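Residue numbers (the numbering used here), protein chains in the order written: chain L, 912 to 1417; chain R, 3 to 351.
Rather than coming from a laboratory, the hints here were simulated on the basis of the structure.
Predicted model, so just to flag it, every value in this text is computed and none were measured.
Where a beta carbon is used, it is the ideal one built from N, C-alpha and C, also for glycine.
Just so you know, not all the hints are guaranteed correct.
Claimed, not checked - One-sided and incomplete, this derived list gives chain R residues near chain L with beta-carbon spacing under 10 Å: (1) Ile28; (2) Leu297; (3) Gly300; (4) Ala303.
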Amino acid sequence: MPYESALAQTLDARLQAARRRWRSIHVWRTAWWALAVGAASTAMLAVARLWHPWSDAALDVGFAVAVGLAAMGATVLGRVAHLFVATPSSAALARRADARFGLAERASTALDVRRGGARSTVARLLLADAERHAQRIDPVALLPGPGAVPVVRALGIATIAVVAWAVPTPSPAPTLPVPGAPGPPAVDFERTEENARRIAELLEEEASGDDYLEAVGRAFEDLADRIERGEVDAATVERELEGLLGQFAEALGDQGPDDDLAEALSTFRPPPVPGQETEEQRTRDISNLPPPQPGIDVLGDQQAPENEAARRATNRDAPSAPGAAEALDDLREALEQRQQDRETERANLGVPTNVDPDRSFAYFEGDPETLAALEERRRLLAETAGAQGQTAVGGAEESSDAPGDLAGEGTAALDEGAASPEIDPSQVAVQSVELPDQVREEGATVDVQAAPETEYVDIEDVDPEMDRPWWRGAQTADPSRSPALAHREAVARYFLPDSATDEDAR
Amino acid sequence: MNDPSRKEEPVAHPDPRDVHPDAAAIQQELDKLRRARAAVARVVVGQDAVIDQLFIGLLCGGHVLVEGAPGLGKTLLVRTIGDVCGLVFSRIQFTPDLMPADITGTIALLHDDHGRTTTQFQKGPIFAQMVLTDEINRATPKTQSALLEAMQERTVTVSGKAYELPEPFFVLATQNPIEMEGTYVLPEAQIDRFFFKVRIPFPSEDVLDRILALTTEGDELHVEKALEPSDILRLQAIVREVPVADHVRRALARFVRSTQPGLGSEDADVERYVRFGVSPRGAQALLLAAKAHALLDGRYAVAFDDLTAMAEPALRHRFQLNYEAEAKGLELEPLLTRLLGEAIEASRA
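I would like the entire structure built from these sequences, with the hints used as guidance.
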């Protein structure tokens, strides 16, 4: 054995021991790193499962464990490859030992000298010196162990993964509408067609002689036919049905307030679909919209108080045909009862049988006969109401913009005039004037909060000393003042001269 | 917690008979060297570092420029080393009227008993093994050049004939850094020929107390010769055999490169304040000095600490800052140490 090799035995042995320790430390760290990576992967999947809907269906514990094992395997492979590439050489360990143990470059220089061959005496002395000092090389002190940090880190991450998987998976998220994708149809064509036909049949049976109701019934039937033929889409059905139901409601409104009818109409509203209420539906102002319509969710707001009856009816019949048959039966009974009451009243009042009080629709058609009959009926009702001190057709007062509005309000005005002991109904005539935006008030100009066109009743002998503008804020607050009275007072206030003796101004 | 790198356990030297027959001789030479150093240290109190540097210069075959204030014992130090090493000693006081021939020697006409006249070269004071040249910067450049040429070539040429200087040849030139008026500053090219530039520090209070006690009481101290000139020559050969690890040598090369402005040095101070960096001759001197330092320390391999310890004396006259650095009061040694430390750390990594 060459003397140089013999001298370097201790140094070689220590450096080889250091290399083995480096590998063992690397393997130890690799194991815990792999566990940490696998646990982290599993934990991430567990956390993603809690938020992302896609992960709910795709992930389970088995899949996550498989992913974690795959991550561990990949980590092990990478670290093993790194083990072969990055294992420090003996020279590198010798340099580290020189710095760590204060060997003054003896070990590293000895390795260099031995590699090049110890030709000089001083080089041999160096090898001998390095061999002595190699005793101080302690692989454990040279390469300290990784300690508990990798273990704690890996176990901590694994604990997090276990805890994350222990969190129960939330219930499946509702299927949200995908932007751009066709949503569920807003109109149930089959049910709407059925309801439209029922309404048409009902109107055909119950509204005999009433052109308006018959026309509405025919319109319902036509809509049902077109739905059956598939000629209309959902939006058209919704729009036309809303219009027809509005007219139907107006026609029924002439019968006066009836909770049964309102409830019957409300039953056609489809049940709400949880989670599909749009922001517009939730925040929509329903004050100026028509009442709920059957077969279609016009308002889209199930929280409105007036729809409580509809919801009850809907829940009663859900899920097959929400409230259709029973509600229509109720509606039919209500119409029949209303018709019977009307006939009874007409018989008691002695109204000519050739006059149909409900032919208001003919008023628009300008049928002279119908108009004459209506005028006669109006006069008789006014006289009757004046004699009984009550409004004969109070239901009409509530209608403000129905097709028969003008006639109704005129009737209401006449009724009020008939009910008033100071005004002779024969002195009342309906005129239409244009109300100026500003009027004079005690020498000052005052804005008038009124529509550009309105009506007033030209009344003679009105008291000019009536209190000034009380009506703006008080006419609705004071239930004793009817709109008709307020109207007269407003006319007296603004369109009669300030002084009753000022004939020019009058 | 103790830093193992700072702990140097005393390790017995290997038995030379187990290594090589020549190893015993090497050990004997090294023992003589240590005894000589100890002998000088007994006379020159408190200047151990300077003594080591002078011995290292001697072992490396270089010449040393000693810089220090008057009265710090420069002459005593050189003379003591000469006595301990058994070297022929001469001293030249440089003055402005000193001529080259006054150093190198001259041709003289000699008359023999037969009436014949012959020419004979009369050797100057430079023909000695240890030459002390006091205040070298007071001589004219012509005289300085004659000295420096002899130092470099180790020969003196007179009338076309070259005369070998004795071996070992060791010049110690002193320079007074205070009295610069009327002096001729050595140019960088000539000052680079000095192996070391040693600064003799002012002694501390304790050292001064010991100096006063030793030099003012009793008889003058005498030193015994511990080395022969032949021993010095053998030690010079041993020094050159000291191995150097590859990464140590690489660190030195990296350091030398880092001192060069205009070579892409990553250090902003080098680019801004350095006039010229360490020359390759400076690197050679540093590595050789590190070898001698390791031997003097009882080691057979050059360590980074040897480079650090020898950097200042070997490089301080080969590394110059510019006027901006001088105006800002920057010192050269901290920059040298920092650059070398960075190169060492990079090599260790």
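Comparing the hints with the structure gives:
For Ile28 of chain R, the interface hint holds, the least distance from its beta-carbon to any beta-carbon of chain L being 6 Å, beneath 10 Å. Restraint check, Leu297 of chain R versus chain L: the minimum CB separation of about 8 Å is within 10 Å; hint holds. Against a cut-off of 10 Å between C-beta atoms, the interface hint on Gly300 of chain R holds, since the closest Cβ of chain L lies about 9 Å away. At a threshold of 10 Å, the smallest CB-CB gap from Ala303 of chain R to chain L is about 4 Å, leaving the interface hint in force.
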